[in-house]
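There are 2 protein chains.
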Amino acid sequence: MTLNGHSLIAGETAAGTNGTTYGINPATNEQLEPAYTLISEEQLKTATDAAADAFDSFSTLEPEEHARFLEAIADNIDAIGDELVERASIETGLGIERLLGERARTTGQLRLFADVVRQGDFRGVRIDPALPERKPLPRADIRQRQIPLGPVAVFGASNFPLAFSVAGGDTASAFAAGCPVIVKAHNAHPGTAELVGQAIVQAVRDLGLHPGVFSLIYGSGASIGQALVADAAIKAVGFTGSRAGGTALMRTAAARPEPIPVYAEMSSINPVYVFPGALNEDIETLAHQYVASVTGSSGQLCTSPGLVFVPDGEAGNRFTGAVTEAVTQLSGQTMLSGGIASAWEHGYNTLESVPEVELIGRGKSGPTANAPAPAVFGADLNVFTSNPVLHEEIFGAASLVVRYKGVEDLIEATSKLDGQLTASLHVTEEDYPVASALIPALERRVGRIIVNGWPTGVEVGHAVVHGGPYPATSDSKTTSVGTLAIYRFLRPVAYQNFPEQLRPAPLQDANPWHINRLIDGRPEQPR
Amino acid sequence: MTLNGHSLIAGETAAGTNGTTYGINPATNEQLEPAYTLISEEQLKTATDAAADAFDSFSTLEPEEHARFLEAIADNIDAIGDELVERASIETGLGIERLLGERARTTGQLRLFADVVRQGDFRGVRIDPALPERKPLPRADIRQRQIPLGPVAVFGASNFPLAFSVAGGDTASAFAAGCPVIVKAHNAHPGTAELVGQAIVQAVRDLGLHPGVFSLIYGSGASIGQALVADAAIKAVGFTGSRAGGTALMRTAAARPEPIPVYAEMSSINPVYVFPGALNEDIETLAHQYVASVTGSSGQLCTSPGLVFVPDGEAGNRFTGAVTEAVTQLSGQTMLSGGIASAWEHGYNTLESVPEVELIGRGKSGPTANAPAPAVFGADLNVFTSNPVLHEEIFGAASLVVRYKGVEDLIEATSKLDGQLTASLHVTEEDYPVASALIPALERRVGRIIVNGWPTGVEVGHAVVHGGPYPATSDSKTTSVGTLAIYRFLRPVAYQNFPEQLRPAPLQDANPWHINRLIDGRPEQPR
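Those protein sequences? They're chains A and B, same order as listed. Just so you know, we're using this note's numbering here: the first sequence kicks off at 223 and counts up by one. Just so you know, we're using this note's numbering here: the second sequence kicks off at 223 and counts up by one.
Just so you know, the hints here were simulated from the structure itself, not pulled from any lab data. It should be emphasised that the depicted structure is a prediction, and the values quoted were computed from it without experimental measurement. Beta carbons: idealized from backbone N, C-alpha and C, even for Gly. It is possible that some hints are incorrect.
Derived DSBU-like pairs (lysine-lysine); straight-line CA-CA distance at most 35 Å [said to hold, decoys possible]:
#1 B:K627 <-> A:K267
#2 B:K586 <-> B:K627
#3 B:K586 <-> A:K627
#4 B:K638 <-> B:K627
#5 B:K638 <-> A:K267
#6 A:K586 <-> A:K627
#7 A:K357 <-> B:K267
#8 A:K586 <-> A:K638
#9 A:K638 <-> B:K357
#10 B:K586 <-> B:K638
#11 B:K586 <-> A:K586
#12 A:K627 <-> A:K638
Partial list, derived from the structure: chain A residues whose beta carbon lies under 7 Å from chain B [stated by the list, open to error]:
#13 L254
#14 A685
#15 S698
#16 R713
Just chain A, with the same shape it has in the complex (with noise of 0.2 Å):
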């Protein structure tokens, strides 16, 4: 596919007048042709108005043409072929093989969509039938369902340039919600996102949808991306990236005249507690597989663990000792831009500084440009808690290992941790117990709970939870991970009193679409 450099603005090539921004190689600092054009606020207008004006067909779409839409994005993707993998790459610094794995999570994912649509629960749809006899006033009949909030802004991650970003999990959800999409395009991989720009748009123009359902947009963050979060056809914002850029948004929407959701995901540390039990297994196993947790995509990843907990002793001592083993046979993976490496190695420098952590283990740095060297540190309990910046994400290959005393300690230390997107338990039965009473405090902090595994690797389906309290995320009433991302999208609204006629398709007494009610609270019988 040919890159023009440009934003896709309701289904047109447009070149922005507000200057020009490359994609750099983050492992040679080699700037990237083409140059992308950068966007005015006049021009962002014709792609907000141009999705307020899609939002009446598409959000009335039947649902096999909806689901259709999303199989036609996933097709078009997979349709690039190894030019999507490979100017990904090259943009982000991250391998073949892991992007590979994101393209197909990216259009599993909307795939995975286009079944929920055709499925329907997510139309909400409960039904209050009329009691014309009762006493002392009749009921009258009242119908809810689920509809779609308007159009969503969408902000990329940098991390995952096709399953957080113009195709990904937040756009899918809010397509199959019925919501139009605009997407302000990471300056980080803007290659990537015109490709898969691209391949939307074409399954618009397949489908024969309005060319406002979806716009790609280049601009800088702090203009186009907060004046975008303001423009009053914007009704929803889902974001993946830094504390300071999802706060900054959330400020934004609630300024508005009308003050609207945003699901921002921004930051975690993951804690990991292994128990006793656990390290009477396999030692070498757990800090093996710790730190190619903490390592992997460099470390660049949301769930990355950045906190371990394991008890002090001697086989304490020997996890921290095959953790040394491990990471210090490990070389720097380039990081996906000198920003990042940059904030990386600020991070580093701030738990070298602090007297009472010492560094565990250190690895080499990387062949490339922006590699440095992954690196793993410890520290005491009491060193941790009093210790606000051991609290803070570096975001990148880096951990810290924890040392504690009693296991009734764990219980206090997490009362005082952030929100999380996740936590982890290493146990075996002997710890069942203990671990019985931590999980009560966890299920407060987090999102997501594993036992014997690692937080990487995210599953997309009906049951995970990627989210969690604030400042793991804006809202932890939602995922922005699987399918019940699609709620974060959708509103209630009830029809009381209205005939046949008058009724949406799933609230008709005939149910054409052949979806799961509910009948005065129960599940209607199927026909």
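Put chain B on the given structure of chain A with help from the hints.
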């Protein structure tokens, strides 16, 4: 029951140290005994600490005990007998008949939520079983459920001293979710609040629950109310009241170190659309129903129809003539307080001062204090659309009839309306084509659409939506009435690779609570 005049903090009577207030009989402007003491911020902290302490045990109650708690509150409210509605009538000016209905609604919704707790759908269980043989990677078992957010702050409404107050819909749904509740009593009905508060405290005691499950506090909204929302122990807020009050709480909640959701139901003018066909029917009856809906409970209902669109021409003239006749015969009824009556007068004077607005009809002042004469105004559609002041809610018995020329003008007028709780359509079959064209515009603006009915009289059930886009509420994705309201106080947590012994009951293979669950996104087969 004895009224003590004090807060009820975690089961104990707590005399406030921050001054006193009195209830006022709005029909006479007389002060009502006893004095109510107002608490300090230190006393508030005892309530929030106790609520945090109570969360562990309350959030993990077995469903049967949990449901019986809600039923015990309802039983205890019934057991208060006439004293409750008599005190409420004296404090609010609302009639005994209306309050008996409101009491039935209050206990009815508590019992409905007991049914919700037993039935268990709100636990939102989704199970994606392990796929150990899946290629390229095995899938871990992941199970999701909804857990309660934590302690909830509830601010009761002046206009529903029972159904939207101490044991109203916010409290009932928060309790049903498993959240301890702290109610900030509305200072306009302190005695009613205490009677209901005692009923809840008794239920907590009888069931042997942690006393921190419930507190009722008296204090100033501007200081103690804000401090309650700012308290770190509080995880969500339910509010029904003015837009100024609701937005002040929204700002406080957003500025916390950990922002929390505020569910504020604020203001709405509830447009009614009379289509031409409807005027071929019984115009007199339609006009009388309209005036009854405007003036019932002295117009002090969130769903009072403040705006009616009526076609120009002879039939429209007959409608307004019938309205004039109906309203002229009515006398004012005591409003909830002197302050509310003054605010109504201010709104009346504002409308009267707009040159293009005419007074269609006005009743007589009532015999009591604070009983202004109900009023209906009229204006042309272009006057309405160009005067923002005509879009503001006048809380009380006042309404505006807007005359339109063509039904096509209604869609544009609707797009300029603020978010509303409801819209109502009066139609006959000949109007269905134009009504169909209007409905999508209404869906975007309101939470409930009514055909051939009036918005007042909100049914409590599974399908109702009492919510809507800002500024009708702070969060259009919810309802404050009906069983869906429970979801305001829940968030999802995923449990990955948990052994059966560590799984919470609703996630166990044996499904000991016999609840509906999704397996791989499809309903589990009943056992």
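Checked hints:
Distance check on the hinted pair: K627 (chain B) and K267 (chain A) sit about 33 Å apart at the alpha-carbon level, within 35 Å; holds. For the hint linking K586 (chain B) to K627 (chain B), the alpha-carbon distance of about 32 Å falls within 35 Å, and the restraint holds. Between K586 (chain B) and K627 (chain A) the alpha-carbon distance is near 78 Å, which puts this suggested pair outside the 35 Å criterion. As the CA atoms of K638 (chain B) and K627 (chain B) are separated by approximately 17 Å, the hinted pair is consistent with the 35 Å bound.
Taking the CA atoms of K638 (chain B) and K267 (chain A), the gap is about 19 Å. The hint holds against a cut of 35 Å. Between the alpha carbons of K586 (chain A) and K627 (chain A) the distance comes to roughly 32 Å, so the proposed pair stays at or under 35 Å and holds. Distance check on the hinted pair: K357 (chain A) and K267 (chain B) sit about 45 Å apart at the alpha-carbon level, beyond 35 Å; violated. Note on K586 (chain A) and K638 (chain A): the hinted pairing holds, with a Cα-Cα distance of about 34 Å set against a maximum of 35 Å.
For the given pair, K638 (chain A) sits about 39 Å from K357 (chain B) by alpha-carbon distance, which is inconsistent with the 35 Å threshold. Pair hint K586 (chain B) plus K638 (chain B) holds up; C-alpha atoms about 34 Å apart against a cutoff of 35 Å. Annotation: proposed proximity of K586 (chain B) to K586 (chain A) is violated, straight-line Cα distance about 88 Å (limit 35 Å). Distance check on the hinted pair: K627 (chain A) and K638 (chain A) sit about 17 Å apart at the alpha-carbon level, within 35 Å; holds.
With a least beta-carbon distance of about 30 Å to chain B, the hint placing L254 (chain A) at the interface is violated under the 7 Å criterion. Nearest Cβ of chain B to the Cβ of A685 (chain A): about 4 Å, under the 7 Å cut. The hint holds. A distance limit of 7 Å between C-beta atoms decides the matter here; for S698 (chain A) the minimum to chain B is near 5 Å, and the interface restraint holds. With its C-beta approaching chain B no nearer than about 5 Å, R713 (chain A) sits inside the 7 Å limit, and its interface hint holds.
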